[in-house]
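Peer 1: Under the numbering used here, the residue at position 266 of the sequence shown is numbered 266, and the numbers go up by one with no gaps.
Keep in mind the hints are simulated off the structure, nothing from the lab. Idealized CB from N, CA, C, for every residue including glycine. Do not rely on the hints blindly, as some may be mistaken.
[Unchecked claim] Simulated DEER-style distance windows between Cβ atoms: (1) Asn155 to Lys177: 21 to 31 Å; (2) Leu9 to Lys184: 46 to 56 Å; (3) Glu209 to Ala136: 33 to 43 Å; (4) Tyr50 to Asn79: 46 to 56 Å; (5) Lys184 to Arg13: 50 to 60 Å; (6) Asn79 to Glu17: 31 to 41 Å; (7) Arg53 to Asn18: 39 to 49 Å.
[Stated by the list, open to error] Okay, derived cross-link-like pairs now, DSS-like style, lysine-lysine, Cα gap no bigger than 27 Å in a straight line: (8) Lys279 to Lys74; (9) Lys58 to Lys186; (10) Lys58 to Lys74; (11) Lys166 to Lys153; (12) Lys45 to Lys279; (13) Lys177 to Lys166; (14) Lys184 to Lys194; (15) Lys186 to Lys167; (16) Lys134 to Lys166; (17) Lys147 to Lys184; (18) Lys134 to Lys184; (19) Lys139 to Lys184; (20) Lys153 to Lys49.
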Amino acid sequence: MDNRNLYALEMYRAVNENDTRTSLIHFELITEALFQLTQSLFDKKVSMKYHQRELEGKFFRFGLANHSLINLIKGNRFNLINQEVSITDVFSINSITRMQIESFLIMFYLFFDKVSDSEKDFRYNIYKLHGLQKQASFKTSSTFPEKHVHLSKINSEIDESITNIKKSDLYRNASEKQRQAYLKPKSARLLSTKDLLATSGIEASRIDEMWQIYSNYAHSEHISDRQYNTIYSVEKNTLKPCSLIITINSILTSKLIIYLSELFKSIEDDYLKLNSKVKYHIDALSSIEISKNRQL
1 MDNRNLYALE MYRAVNENDT RTSLIHFELI TEALFQLTQS LFDKKVSMKY HQRELEGKFF
61 RFGLANHSLI NLIKGNRFNL INQEVSITDV FSINSITRMQ IESFLIMFYL FFDKVSDSEK
121 DFRYNIYKLH GLQKQASFKT SSTFPEKHVH LSKINSEIDE SITNIKKSDL YRNASEKQRQ
181 AYLKPKSARL LSTKDLLATS GIEASRIDEM WQIYSNYAHS EHISDRQYNT IYSVEKNTLK
241 PCSLIITINS ILTSKLIIYL SELFKSIEDD YLKLNSKVKY HIDALSSIEI SKNRQL
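Based on the sequences and whatever the hints tell you, model everything.
Peer 2: As structure tokens, then:
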């Protein structure tokens, strides 16, 4: 049996048997590869296009959140009624996973979608303008000395973003109503979450369903109460939900690594030099589909 078959068998067993320990080791290795390739962008002084300005920061934050998931899955240790306990906080894990799905979508939208660079620049300007206008609208009673300078900088960036938007053919060819919407965007994205789930391909991995379910945890809705009773009172086991969480986040991270290696030749070279086991897992997970028969 060659190495690739051994890697495949190990990964299959880990997922099929809900072996969170082995799956977590794989997830840590994939996350380490993400950090390694992101660092290569800086070390090699890779030139970034206008719409790629936030790429390094977003990749680093994605990897950082992965490590938060890893630590949470390993369990929180604390004293409860004079007894040390170790509990996996499934609800925080689900909420972070929802955030990671959202992060993946915005990264795909800004950096990897199959549209022209000019459209990506336009998307980035809308994304930036939405955030700046929101920040400028925050009410504050603070009187710190740099407040005026801080607000002035924000307003200057707002003006710059508006100028860039108005230069775009997408703006020039739009109706007056649409132009006004571009200049006061209600969302950071021009595409809906539903559209991006389909366009990015993660809908085929059932991650669209996971995103909807995990929103209940993030908003502390009643379904999270029912899940609490099932996981902690009835089954008294967090293996299944944690196993699925690791799979989802491994898929997202692997897809980002593949996108990054396809975008930059120097990163592709570094990717090909990765440990064969890590590379196999990334290749396999980036194209995996979650069976519709698998219980959520």
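Peer 1: Against each hint, give a clear statement of whether it holds in the structure.
Peer 2: To see whether the hints hold, each was checked on the structure:
Between asparagine 155 and lysine 177, the C-beta spacing of about 25 Å keeps the proposed range 21 to 31 Å intact. For leucine 9 and lysine 184, the Cβ-Cβ distance of about 55 Å falls inside the hinted range of 46 to 56 Å, so the restraint holds. The hinted window of 33 to 43 Å between glutamate 209 and alanine 136 holds, with their beta carbons roughly 37 Å apart. About 52 Å separates the C-beta atoms of tyrosine 50 and asparagine 79, a value consistent with the hinted range of 46 to 56 Å.
One distance hint, 50 to 60 Å for the beta-carbon pair lysine 184 and arginine 13, holds here, with the actual separation near 53 Å. At about 32 Å, the beta-carbon gap between asparagine 79 and glutamate 17 stays in the expected band of 31 to 41 Å. Judged by the Cβ atoms, the range 39 to 49 Å given for arginine 53 and asparagine 18 holds: they are separated by roughly 41 Å. For a cut-off of 27 Å, the pair hint linking lysine 279 to lysine 74 stands: about 24 Å separates their Cα positions.
Straight-line distance between C-alpha atoms of lysine 58 and lysine 186 comes to about 22 Å, which keeps the hinted pair within the 27 Å bound. Of the pairs offered as hints, the one joining lysine 58 and lysine 74 holds, with about 25 Å between alpha carbons and a cut-off of 27 Å not exceeded. Our distance criterion of 27 Å between C-alpha atoms is met by lysine 166 and lysine 153, whose separation comes to about 20 Å. At most 27 Å may separate the alpha-carbon atoms for a hinted pair to count; lysine 45 and lysine 279 meet this at roughly 24 Å.
Simply put, lysine 177 and lysine 166 have alpha-carbon atoms about 14 Å apart, close enough for the 27 Å limit, and the pair holds. Under the criterion of a C-alpha separation no larger than 27 Å, the hint pairing lysine 184 with lysine 194 is consistent with the structure, at around 22 Å. Between lysine 186 and lysine 167 the CA atoms are separated by roughly 20 Å; this keeps the pair inside 27 Å, and the hint holds. Between lysine 134 and lysine 166 the alpha-carbon distance is near 20 Å, which keeps this suggested pair within the 27 Å criterion.
At roughly 24 Å between alpha-carbon atoms, lysine 147 and lysine 184 fall within 27 Å of each other, so this suggested pair holds. Using a Cα cut-off of 27 Å, the hinted pair lysine 134 and lysine 184 holds, with the two alpha carbons roughly 10 Å apart. Taking the CA atoms of lysine 139 and lysine 184, the gap is about 18 Å. The hint holds against a cut of 27 Å. A C-alpha spacing of about 23 Å is found between lysine 153 and lysine 49, which places the hinted pair at or below 27 Å, so the restraint holds.
In this structure, none of the earlier numbered hints is contradicted; all agree with it.
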